[in-house]
Amino acid sequence: MLNIHTLWTLAVAEMRTCRRMIRTWVFIAVTFFVCIWGYWDIVDVIGWPGPPRYWLDQMTERYTISTTMNVFVAIFSIGMLFLMFDARIRDDRNRMSDVIDSLPASNIEILIGRLSGVLIFFLFFCLLFLGLLTGYEIVVERVGSRFHLGIPPISVLSFITWNLIPNLIFFGALVACLVSLVRFRILVAAIALGLIYGFNWIEDYIPIRFQESLSLFGGSAQVPSDLAPAFVSPAIIGNKCAILFVSIALLLFAACMFPRIDELQRKSTIFGIVASATAVFIFWGLITSVPGTEHRQEAWVIEHRQLDPSSFPDVQHLEGTIDLRPGRKITLDVTLSVHKPTLNTTDSVILSLNPGYKIQQLFVDGEETTAHSFNDGILKLPNDLLPDLSHDIRVRASGKLDDRFAYLDQEQDFQKFPNRAARQLGLRNHIFHRDYVALMPGLIWYPISGSVVDRDEPEFQKRDLFTSNLRINVPRNWQVATVGKREVDESQQRTSYQFESDAPVPEIALLASEFDQRATTVEGVEFEILFSNKHLQNLEALSPLTDLINQWVAERISNAHAASLIYPYKAFYVVEIPSNLRIYGGGWRMDTVLQPPGMMLIRESNFPTERFKEVVARERSYGWYSKDEQDERIFDYLLKYFRDDGHGGSPFVGFARNFVSHQVSATGRGATVLQYLLEQLSNQLTTKTDSYSIITLAEFGTSIASVDWSQTPEDDFNSWAFQTRAKLAAIPSTWKVINQTALFDLDFSTEPIPSHRTLLVKGRALARSMIDHYGADKIGSFLDQLVHDHRAHGFTVAEFMDVASDIGLDLNEWVISWLEDTALPGYITTTPSVSKLEEQSEDSNNYQTSFILHNAEPMAGLVRIFWEDRRGPEENEFRRGWPRGAYFDSGPLFLKGFQSKKIAISSVHPLGGIWIEPYLSHNRAVFEVLVPPAADSIVTEIPVVPIATDDDWQPPVTDVVIVDDLDPNFRIVKRTDESQVFSVSKTLDPPLYSGQEYDQGLLLSSGIRFGVWCRLYDSSYYGLYRRTAVPIVKGDQNSAARFVANLPYNGKWTLEIYLPKGAFSSIYYGGWQEFLGIVFDDNRFVSRTANPDVPEEHYRLTIKDGSAERNEKFDVANATEGWNEVRTFELSSTEVEVLLSAWAGHEEIMVFADAIRWTPVSDTAENEESSP
Amino acid sequence: MTDVAQAHSENGPTIDIEGVTHCYKKNQPVLSEINLSLGAGFFGLLGANGAGKSTLMRIICTLLKPTEGSAKVCGFDVIKECHQVRQRIGYLPQEFGAWRLHRVEEVVDTLAALSGMNNKKERRARVAEVLEEVGLAEVADRKVKKLSGGMVRRLGVAQAMVHNPPVLVVDEPTVGLDPEERMRFRQVMTNLGRERTILCSTHIVADLGSGCSEIAIIDDGTLAFQGSPTKFLTNAVGSVFEIKVPTESATAIESKHEIVSRTFDGANVVFRVVGKSAGEFNTDASKVEEPTLEEAYLAFMAKRGKLEQADQTETVAEEPKKKKRRRKAKQD
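If you're matching them up, the sequences are chains B and X in order. Position one of the first sequence corresponds to residue 96 (the numbering used here), numbered consecutively onward. Position one of the second sequence corresponds to residue 2 (the numbering used here), numbered consecutively onward.
Honestly, the hints are just simulated from the structure, not real lab data. Warning: the hint list may mix true and false statements.
[Stated by the list, open to error] In silico DSBU-like cross-links for lysine-lysine, where the CA-CA straight-line distance does not exceed 35 Å:
hint	chain 1	residue 1	chain 2	residue 2
1	B	K362	X	K307
2	X	K307	X	K277
3	B	K475	B	K362
4	B	K735	B	K424
5	B	K362	X	K245
6	B	K362	X	K66
7	B	K822	B	K783
8	X	K27	B	K362
9	B	K511	B	K362
10	X	K232	X	K146
11	X	K277	X	K245
12	B	K362	X	K26
13	X	K26	X	K81
Just so it is clear, the structure is predicted and the values come from calculations on it, not from any experiment.
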């Protein structure tokens, strides 16, 4: 059917035509330019190390070629299109078509021959480009310049093999088919271009689990790795075969539709159908294999969920030998020392083990038995075999682990997402490659107690803790890392390592490869760095900082020792892992798996392959710094890098967990919260930073509303995790749960996300509060005692309290309330007064600013006060917002319920601002105390007083009634057409995680929206705990803000309205659209203050008391910031409604609904303000 | 015996057309019930423009499927065994061009390879030989777009011949050729026709020359005549008459009679005219006993009332389309 000579002759002729057409060279020049530009763009961006962020499509740049050069393929596909789409028409134009048609070549030969010509021609240039690129990379890397990606050749080869060639063939065949089908070449071009776009577009919607099978542009095994390289996978082979068959089918269909008589037309049709069917069959097989996997996993979950927790033994100790034949087999010979479950209501005892093993022998107390069953990963031993309390169960098994049997109870399956960034979190649950072995605990590679599901619900299934003593046999020259200190035996052909840990662990990870090993001992703990030999450049670049790093580590260990916390495992391993290893676990939390006991795992795509060499070179070039200063700066950069590691590979988390949370296990009610609290406490005592991991903040792909307002706290770290947590703490949906559900009542299994947010916010605040209130020493002693009393065992809340009580820590004072109750403190302040020294000098305090800080709620809590002393005499404006410059910190201040403290701040200059930062309170975030512009009094002396002293002040009780926009009596109402009566707007109850946040029914916004009442936050707004207001611009007369006040009595009352500073600003969003007189975006508007010369421009109020209704005008044009009197009314009813219309006479005038105040008009009424 | 000759001897008529009818549009046949059998030799296919010659040739060359009937080349059906047919034919279409960006030698070499000449050395030698034969050896390196119309035509002849096909189908081969080239072409065809079947369609009878062994005339899609030139000439005797008149009387003759040819003899004009007998002319007319082939053809067409369509004026081959801007610039 196909004659090679014919094909080659046609190909040569086509190549000749291609190279002699000008358009070809223009296209190639443009393509080279675009690709070089794209390459340079990436080079420029990745020049400096940047921490890996969760949810960003952050690629391993070195594998950019293999995984992201779709643009390259698309461009060359377009080129193919424009060289092939008019091939037939060119023949007609050249009057060659009759001659060619009379040649003894079949249609399929003509098509394939021509396609081959174009393909070979383009491939040459593709390979030329890639060759030049690779050559450039090699040269530049040798020279030491940073302007390169470091592309490994396998990436290029993978791109060519799995992406470029198959796609060019496919696309060429597609164009050939279109050319045969469609007469008009413009239509061919349009359809083909549409298909190119469509193929690229659809890539973004293919779920990860199908990407290898269905993606046209799949590169090498999706997540590339130097440590465990996988050039190909069965899915890729299947995918490319299917695409090849599709290409063949297209060509065959093109041949039979070709406008030329061919005796093979019938055969072409038949073969085309067969090829299509084959392609469909392959794709079908690939697609259905995925649900097959899922069904299997679902079946396992069902089996494991049916297990009775009363049948789970307590494993005390794990001992034995693991023989690794990388890529081939694992042989397990381990003995578990178990305590039989005492309240077992079933007839067997349950262990779990990966079903990839085949159990060869099982012994109980030294006697072999076959009376066990092993199905679906469940190892059942009849109770008869375990008559006593303690037994030794020895399991001998071998096999290759089933990768599917891991994280079966994960809350979200990211592989169902199309998000490519999720792919970067790793797709393999374990690695068993000839060059690398990573056996993660979630894979159940050793026998464990109980089932494999719901293990992160300690309320129901206690976390099992055990000691270990393992011997690991590996190939010669391999290193192994697992928990415990290592001893080596190289006497045999293979290398053996013994790891013993008498400190308990909840799980064990095992990593092995031919690592480069670097070890040092710091404060009695042996630290080992195990990196691949291919990725040592950063270690070498940073080796001058060894002392600094050791010192830093020593400080952390000393911190821990000072807090009575001892690192239990003797050795700590920092191990490089392949980037295709999954980095998050299962359950609702899907926590990082990069911090197993005794280890910290670092992904090869992060630190090991980052460009710290560039950082070092840059810093060394700063000659004005001394070498020590340079080292400090480099080290700071390194810390910042890890601090913002969004993949959970931060040493700040990894190290701290070993001190407490890996050694004890909370159980019963509140266990999850207690365990989290312990982790927070130990983390903040040892590394003194936040503890977090990827999914705990990523929240399963939902987006956290990006809301910025001035009350959002910004700590001096500016770390990404801190800011993310701060955002979580600020959004209303989190607070809805905080206000409604106590920590101990959170249901993580049915409502993981809201429960988790609450835990992150309130749990962390509690930990921070406990440390600051009781002191690090006390908390450290508490943790130490807890570990001492309950190591390897579970403990309940009561036991937790008992331990605290034993060391003199009274948690009943307020801590237990934070755990068991929803109540929180709420802070208010009085208006500050400022005293100014008569004779001023720069060497002493010239001002003292005083105010009362009052906790207006029954729950105790802590705050910190910050102030700024930067205002110079020439400055006239107060600076609002968080201070950027130097600021002062009061340290933690504890206020019991209803307690007041007098705050006195002495300063050289007038204060630029004062901010109160509650650890957690109804205030929800930092709030500003507005400092008066001028001093209240001139004094001759500024007394030296403590920052905070107890005070008896209590909020005065008055008859003044204030209705704020956060009060339940505030609503937005709309007037219906029929009745002309305002009715309450339907309260917005949007679904959670819609991306928009609603605060008590109103859209939360960072700016004013036209035509929509929305809720804003700003320090200048009025509020008891939270400073909010509800403005609108371009409103209409059918909508109003309603304030309902319940007055203590009727009679004469004065109505005032609060106007914040924002009500007097002008906002201009016109821009070029206004200039042109065209509005494309409805949200573009101009808003301004009311014009005093235009009588129509005023607020419109309607006051209703009882049956009386009065319309009032409020002259906002002449109003001032703060409270403004409207009028005094004689009210007959105690329930009074004030409607503030959204319309103020012109669409450009903002209407601010912040607060109203009713003050009785009588001699005995007190008008004292209780808050600004 | 050469392969070519063997191909002729083994399979009966080289070209065998039976009852071929072809319609481009419904009820508008371009060819009607054509029956034709051709063996080795040089055959001329005559007919006016639009008679159906090219259509018949395209059918023979497997480019068109006849509406009815069948055609075989060397015993192979042109539709069901088109691949076999294509291996045995060389075709020069009426309108021929080539890949404009390719060189002359490259075009012929490529088409030779595609016609089955896989041995590179032999092919190259043959290409050189053929280019020499058609007079393109000196421009072998020139790109097609730089060739004149006549050169392109010769290139077409070269590509049709290069692989020594047993059947050569040439459609209006001499369009654009100068008289010397046309004579040369006739000689080439005559030589080639000794061992192979050459079917040459033309409306210029002179192209056929003395080497033509048989002619067929297609008129309005039907086969009006098939036979040897001798027979055709014999049939024409008694149809062509010679009249000699003074020049001033020439107009009267021209207006009254079908003129086949005219020559000038001093002050007289010698006309050869179509007629049934000498007596029908008002002047002295003598029967031409040996009319030429052109005269016989014109007489034949005149009898069918299609003398004008049988115009023997040579048409110049259409130049390949060039960019209009350049032409306009040149004209300016």
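Here is how each hint holds up against the structure:
With a C-alpha separation of about 47 Å, the suggested pairing of B/K362 with X/K307 is violated against the 35 Å cut-off. For the hint linking X/K307 to X/K277, the alpha-carbon distance of about 16 Å falls within 35 Å, and the restraint holds. This hinted pair does not check out: B/K475 and B/K362 have alpha carbons roughly 60 Å apart, beyond 35 Å. Of the supplied pair hints, the one linking B/K735 and B/K424 is violated, its CA atoms being roughly 41 Å apart against a limit of 35 Å.
Note on B/K362 and X/K245: the hinted pairing is violated, with a Cα-Cα distance of about 68 Å set against a maximum of 35 Å. With a CA separation close to 19 Å, the supplied pair B/K362 and X/K66 stays within the 35 Å bound. For the given pair, B/K822 sits about 21 Å from B/K783 by alpha-carbon distance, which is consistent with the 35 Å threshold. Annotation: proposed proximity of X/K27 to B/K362 holds, straight-line Cα distance about 30 Å (limit 35 Å).
Taken as a hint, the B/K511 and B/K362 pair is broken in the structure, with Cα atoms around 41 Å apart against an allowance of 35 Å. With a CA separation close to 44 Å, the supplied pair X/K232 and X/K146 exceeds the 35 Å bound. Simply put, X/K277 and X/K245 have alpha-carbon atoms about 18 Å apart, close enough for the 35 Å limit, and the pair holds. Distance check on the hinted pair: B/K362 and X/K26 sit about 29 Å apart at the alpha-carbon level, within 35 Å; holds.
The hinted pair formed by X/K26 and X/K81 meets the criterion: a straight-line CA distance of about 23 Å does not exceed 35 Å.
Hint compliance for this structure: hints 1, 3, 4, 5, 9 and 10 are broken, all remaining hints hold.
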